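Protein chains in written order, with our numbering: chain A, 5 to 151; chain B, 2 to 664; chain C, 840 to 966.
Accuracy of the hints is not assured; some may be wrong.
[What the hints assert, rightly or not] Quick list of in silico lysine-lysine cross-link-like pairs, DSS-like style, CA-CA up to 30 Å:
#: 1; chain 1: B; residue 1: K664; chain 2: A; residue 2: K123
#: 2; chain 1: C; residue 1: K858; chain 2: A; residue 2: K129
#: 3; chain 1: B; residue 1: K23; chain 2: A; residue 2: K129
#: 4; chain 1: A; residue 1: K129; chain 2: B; residue 2: K200
#: 5; chain 1: C; residue 1: K858; chain 2: B; residue 2: K406
#: 6; chain 1: B; residue 1: K459; chain 2: C; residue 2: K845
#: 7; chain 1: B; residue 1: K399; chain 2: C; residue 2: K921
#: 8; chain 1: B; residue 1: K401; chain 2: C; residue 2: K934
#: 9; chain 1: B; residue 1: K459; chain 2: C; residue 2: K858
#: 10; chain 1: B; residue 1: K664; chain 2: A; residue 2: K129
#: 11; chain 1: C; residue 1: K921; chain 2: B; residue 2: K464
#: 12; chain 1: B; residue 1: K283; chain 2: B; residue 2: K200
#: 13; chain 1: B; residue 1: K296; chain 2: B; residue 2: K503
#: 14; chain 1: B; residue 1: K401; chain 2: C; residue 2: K858
#: 15; chain 1: B; residue 1: K528; chain 2: C; residue 2: K845
#: 16; chain 1: A; residue 1: K123; chain 2: B; residue 2: K528
#: 17; chain 1: B; residue 1: K172; chain 2: B; residue 2: K23
#: 18; chain 1: B; residue 1: K351; chain 2: B; residue 2: K179
#: 19; chain 1: A; residue 1: K123; chain 2: B; residue 2: K401
#: 20; chain 1: A; residue 1: K123; chain 2: B; residue 2: K107
#: 21; chain 1: B; residue 1: K185; chain 2: B; residue 2: K200
#: 22; chain 1: B; residue 1: K459; chain 2: C; residue 2: K934
#: 23; chain 1: B; residue 1: K179; chain 2: B; residue 2: K23
#: 24; chain 1: B; residue 1: K107; chain 2: A; residue 2: K129
#: 25; chain 1: B; residue 1: K440; chain 2: B; residue 2: K528
#: 26; chain 1: B; residue 1: K399; chain 2: B; residue 2: K253
#: 27; chain 1: B; residue 1: K23; chain 2: B; residue 2: K54
#: 28; chain 1: B; residue 1: K231; chain 2: B; residue 2: K283
#: 29; chain 1: B; residue 1: K4; chain 2: B; residue 2: K107
#: 30; chain 1: B; residue 1: K253; chain 2: B; residue 2: K315
#: 31; chain 1: C; residue 1: K858; chain 2: B; residue 2: K107
#: 32; chain 1: A; residue 1: K123; chain 2: B; residue 2: K503
#: 33; chain 1: C; residue 1: K858; chain 2: A; residue 2: K123
Please keep in mind that the hints were generated in silico from the structure rather than gathered at the bench.
Because the structure is a prediction, the values reported are computed rather than measured.
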Amino acid sequence: MQVNENETFVPTIVAFCCNWCSYAGADLSGTNRLQYPSNIKIIRVPCSCRVNPMFILRAFQRGADGVILCGCHPGDCHYTTGNYYARRRMTLLFSMLDYLGIERGRTRVEWVSAAEGQKFAETMKSFAAEIAALGPNRRLEDLRCRK
Amino acid sequence: MQKIGVFVCHCGTNIAATVDVKAVAEALGREPSVAVSTDYPYMCSESGQNLIKDAIREHALDGVVICSCSPRMHENTFRKAAAQAGLNPYMVEIANIREQCSWIHKDKEEATEKAIILGRAAIAKVLLNAPLTAGESPVTKRALVIGGGIAGIQTALDIAEAGFPVDIVEKEPTIGGKMAQLDKTFPTLDCAACILTPKMVDCAQNENIRILSFSEVEAVSGFVGNFTVKIRRKARYVDETKCTGCGLCTEKCPVKKVPNEFNLGMDQRRAVYIPFAQAVPKVARIDPDWCNMLKNGKCGLCSKICTVGAIDYKQQDTILEEQYGAIVAATGYEPIKVDRYDEYAYTQSKDVITSLEFERLTNAAGPTSGTLLRPSDGRHPHTIVFIQCVGSRCTPEKGKTYCSKICCMYTAKHAMLTREKYPDTDVYVFYIDVRTPGKNFDEFYRRAAEEYGVHYIKGAVGKVAPRADGTLDVQGSDLLMNEQLHIRADLVVLAAAIEPSKTARPLATMLTASMDTNDFFTEAHPKLRPVESPTAGIFLSGACQGPKDIPETVSQASACAAKVIGLLAKDKLTGNPCVAHSDEWMCNGCSNCASVCPYGAITYEDRDFRMPDRTTKTRRVAIVNPAVCQGCGACTVACPSGAMDLYGFSNSQIMAEVDAICK
Amino acid sequence: MNHDFKDRIVRMSGAAVEKCMRCGKCSATCPNYGEMEYHPHQFVYMVERGEVERLMASPSIYACLTCFACVERCPRGVEPAKVIEAVRLEVIRQKGQNYLKPDDIPATLDDDLPQQALVTALRKFAK
Numbered sequence: 005m006q007v008n009e010n011e012t013f014v015p016t017i018v019a020f021c022c023n024w025c026s027y028a029g030a031d032l033s034g035t036n037r038l039q040y041p042s043n044i045k046i047i048r049v050p051c052s053c054r055v056n057p058m059f060i061l062r063a064f065q066r067g068a069d070g071v072i073l074c075g076c077h078p079g080d081c082h083y084t085t086g087n088y089y090a091r092r093r094m095t096l097l098f099s100m101l102d103y104l105g106i107e108r109g110r111t112r113v114e115w116v117s118a119a120e121g122q123k124f125a126e127t128m129k130s131f132a133a134e135i136a137a138l139g140p141n142r143r144l145e146d147l148r149c150r151k
Numbered sequence: 002m003q004k005i006g007v008f009v010c011h012c013g014t015n016i017a018a019t020v021d022v023k024a025v026a027e028a029l030g031r032e033p034s035v036a037v038s039t040d041y042p043y044m045c046s047e048s049g050q051n052l053i054k055d056a057i058r059e060h061a062l063d064g065v066v067i068c069s070c071s072p073r074m075h076e077n078t079f080r081k082a083a084a085q086a087g088l089n090p091y092m093v094e095i096a097n098i099r100e101q102c103s104w105i106h107k108d109k110e111e112a113t114e115k116a117i118i119l120g121r122a123a124i125a126k127v128l129l130n131a132p133l134t135a136g137e138s139p140v141t142k143r144a145l146v147i148g149g150g151i152a153g154i155q156t157a158l159d160i161a162e163a164g165f166p167v168d169i170v171e172k173e174p175t176i177g178g179k180m181a182q183l184d185k186t187f188p189t190l191d192c193a194a195c196i197l198t199p200k201m202v203d204c205a206q207n208e209n210i211r212i213l214s215f216s217e218v219e220a221v222s223g224f225v226g227n228f229t230v231k232i233r234r235k236a237r238y239v240d241e242t243k244c245t246g247c248g249l250c251t252e253k254c255p256v257k258k259v260p261n262e263f264n265l266g267m268d269q270r271r272a273v274y275i276p277f278a279q280a281v282p283k284v285a286r287i288d289p290d291w292c293n294m295l296k297n298g299k300c301g302l303c304s305k306i307c308t309v310g311a312i313d314y315k316q317q318d319t320i321l322e323e324q325y326g327a328i329v330a331a332t333g334y335e336p337i338k339v340d341r342y343d344e345y346a347y348t349q350s351k352d353v354i355t356s357l358e359f360e361r362l363t364n365a366a367g368p369t370s371g372t373l374l375r376p377s378d379g380r381h382p383h384t385i386v387f388i389q390c391v392g393s394r395c396t397p398e399k400g401k402t403y404c405s406k407i408c409c410m411y412t413a414k415h416a417m418l419t420r421e422k423y424p425d426t427d428v429y430v431f432y433i434d435v436r437t438p439g440k441n442f443d444e445f446y447r448r449a450a451e452e453y454g455v456h457y458i459k460g461a462v463g464k465v466a467p468r469a470d471g472t473l474d475v476q477g478s479d480l481l482m483n484e485q486l487h488i489r490a491d492l493v494v495l496a497a498a499i500e501p502s503k504t505a506r507p508l509a510t511m512l513t514a515s516m517d518t519n520d521f522f523t524e525a526h527p528k529l530r531p532v533e534s535p536t537a538g539i540f541l542s543g544a545c546q547g548p549k550d551i552p553e554t555v556s557q558a559s560a561c562a563a564k565v566i567g568l569l570a571k572d573k574l575t576g577n578p579c580v581a582h583s584d585e586w587m588c589n590g591c592s593n594c595a596s597v598c599p600y601g602a603i604t605y606e607d608r609d610f611r612m613p614d615r616t617t618k619t620r621r622v623a624i625v626n627p628a629v630c631q632g633c634g635a636c637t638v639a640c641p642s643g644a645m646d647l648y649g650f651s652n653s654q655i656m657a658e659v660d661a662i663c664k
Numbered sequence: 840m841n842h843d844f845k846d847r848i849v850r851m852s853g854a855a856v857e858k859c860m861r862c863g864k865c866s867a868t869c870p871n872y873g874e875m876e877y878h879p880h881q882f883v884y885m886v887e888r889g890e891v892e893r894l895m896a897s898p899s900i901y902a903c904l905t906c907f908a909c910v911e912r913c914p915r916g917v918e919p920a921k922v923i924e925a926v927r928l929e930v931i932r933q934k935g936q937n938y939l940k941p942d943d944i945p946a947t948l949d950d951d952l953p954q955q956a957l958v959t960a961l962r963k964f965a966k
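Generate the whole structure from the sequences, applying the supplied hints.
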């Protein structure tokens, strides 16, 4: 969580993007100069199936307010089945997180292809707006890590 | 203590305009472990790369972080530069501060802060990088071309010429594709069959080419250099090895009313047939939907008449399994169905036809032996109207969004040929634009308008209505005269949009090749890599990648062949070293990993472990084959003990990136 | 060129005039083409160029039957009939008479009055 000079809440959002589709889609939105908020930082992974639930828990532990996982559309995974595993894992994980008090709105899975620069920017904008509305996240935060 | 070098690129003003690159270099220079941090206008240039190489040597750097454009652009460039300076190429990480920072933000302060955070994440990752060596895998020196149209034929001929064996798989009983159905081709007005059939015969006679006609790809597995493909050879009920193509069976067959696909249903063929006279292979096929013997067990005339005993009513589909190093997609195009455009009365009048149907009517081997006659009453058309852009350049709900590229030229060709053969026939073309981008194309179209007197009218057609006397009333706009015209036409020809073959999408799924929303295969880079799919080992040839005419198709087919030859000429392929590996001490052999691996890269072995109490224990552990592993990481998450990890994207690395971002 | 008029017409009609590719299919299909001075393809072009006052002064805008054939046939989804409807509304608005509110409809109405007439009146005069 961060606050800027005006004391308004600036969310910290981590996005995991798969190298073949969603990362390329993010690059495409950059090439097309489509804007989205700067508080979203992208971590490149080879496939959405690489994202271990531990990484997402770690992000919330370290103070992230929202985490989004982007991958290829079902059926189009570069590694054929990776996004199916990601889909199933995240369904379970987000349900568990919701039970722990990390609201559904703070986590999302979105399928973005390499040709969907526009969709990527729109998704990031809407996710950032949703997190800003939900406010800062205090659950699971490791207080030793707070600045 | 590791020493990291940080290099921040300005990329001209692409990054420097929105990110304060000097501040980024300075801030990252203060990070622990960073020995040198500098900035430069163009890191990817020769002088930029020299800067990096000199710094590696001077400071004995253990790792390098480049803050620049996307790693998808220049990761390889910087890896090579590092290797040349003596640093393992995998000790290089890229922070994307262009596509994912400077280009998407406008506020300089925000963008600079984000660039610094992304830089920190890259530094945290590279500190945990291990030097990696790429593995090697063998290459099967054989190519598969899927699709036997002009694109597939040209690609196969070029690959065969270089000395490599090629298989062409074609779903129709003969190769040739759409070009075999054309009459004359623009802009030279060459006879299509005359220029195509020699190439078809070359394919048949070339000892490096094997034609698998009337066959389809069923399953594909493996990866670049090592594909295993299952091909279904469909039953033609005729033995290909015996049939001489004499055609006796087709003359005697009593079932005469089968709609002839080659002539788009405008005439009939027999139940046993040869698709067209120059078919390759020239082998008959029995259509099981119409053959009396195959349906009811009565007849058998063709078998009695055949002098070589080639008829085999009991023939079954067979499956062939082959290994290939490279696969080429050349599945071509189909014209769209124009039934939904009821303004043109296509379903109401036989005299409203598509351009491909017109092509068959004018072809000497077509349903009317080349005489242009109205399909409804067989009379000569005195007025013909051509309508352009039917189903192209629309919103997605109304048709295809793209321009189909070939229609302006083929309509000019149709118009010109009609006027030449029948000077008494009036020809009108209703156009929105006339697109003639190729060599000698515009001159060709101007000949049609100027020398042959074709009336080009700028405006669209709103309605085609059948009249009581059998002619058609065409109501269209003349925008330059600002009038609404009514033309009484005998024949109306629609330039229908073209779309990829329906087999393309299932094939793309089998190949894990990307497609766009119009079902055209996506190329690896629209400008710089037009004949390769992003999936390694899959190449694209012809209209399956985008609408194109014959000159472009042949160029692209040869380009595709060049890429395939480049791959097959290698004896070994250097693989991706970012593969999974299992920590034997933590692995308990549970098999979770193998069950999620899409490539079957994981096997199990018994290993002996020396225990602390001096005994030896044998345990079953997972072993990853680095040549087969593609580095997706599914196994790393499925592993319950955390024994499985991925080089290049290890658990600790990703966690370090998360930490750096969330600080 | 008056951009105020143009902005209002574009907002009222919701039509995407910039999508027009000048094909003329709207005019080709218009059944009342012969009665117009300016034709459907010209409505769209004139609004795009801001020449709205000339259009407002022309009797052509009343020759449009609102049959929506042009909307149905336009390959780009430009909706010329909505543009012309908006121009008509602008003319009415300039004359000062407009804005029918639901409260203005009398409580008792002729039972035979078709529902559609009410809906059309509200649509035409409530923007």
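Give me the numbers of the hints this structure contradicts, sorted from smallest to largest. As far as the earlier hints go, 4, 8, 15, 17, 22, 23, 26 and 29 are violated by this structure, in ascending order.
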